[in-house]
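In this note's numbering, the protein residues as written are 1 to 163.
Don't take each hint at face value.
Stated by the list, open to error - DMTMM-like cross-link-like pairs, simulated, lysine to aspartate or glutamate; straight-line CA separation at most 20 Å:
id	residue 1	residue 2
1	K4	E44
2	K4	D15
3	K47	D15
4	K4	D31
5	K39	E17
Read the hints as simulated data drawn from the structure, not as lab findings.
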Amino acid sequence: MNCKNIEIYMDALIDNELSVEKSLEVIDHIDSCKDCKAKWELSEGIKSKLVHYTNSLKVPSNLKATIYKEYGIDKTPRYVKQLLIAASIVFLIGLGLLPFLYSLKQPTLIELHQTKLQLVTNDVGVVSDKLKLDFNKQKLVRFKDARFQVEGGAQIVKPFNKD
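Please build the complete structure, drawing on both the sequences and the hints.
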């Protein structure tokens, strides 16, 4: 092996990245060549100083959180986000269906008033038949002070008893 090849392998040897055979070959060349031995000692010295320097550094305990926060990296797992999105979609659909489901059970205000209007009109018609009053059963009925009044007719205050 020549010195150029050994220089390439020196860094790999320092980092323990070579196979045993290659390592022995490089070490044999370093022992026999003065220039390569000087470069080896220099590289080894630099590595030992770097290891010593990095071991003496104190890393803040919140460094990872600070980096995540600064770059907008979220630590929550991806499936949690997808689960929350799915749950919110289901909730919004349910919220949208709530008025529809409520309308199935309860009559609308218009239907309620039409039913009352029909009942009052029918009651007035029954009463007018029994009293032999002469007016149209289908006349509009309106509410006035919680008492029913046929348009153009007298107020009905009390219900009539069946005789």
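Comparing the hints with the structure gives:
| no. | hint | in the structure |
| --- | --- | --- |
| 1 | K4 / E44 | 18 Å, holds |
| 2 | K4 / D15 | 18 Å, holds |
| 3 | K47 / D15 | 9 Å, holds |
| 4 | K4 / D31 | 15 Å, holds |
| 5 | K39 / E17 | 18 Å, holds |
Violated hints: none; the structure is consistent with every hint.
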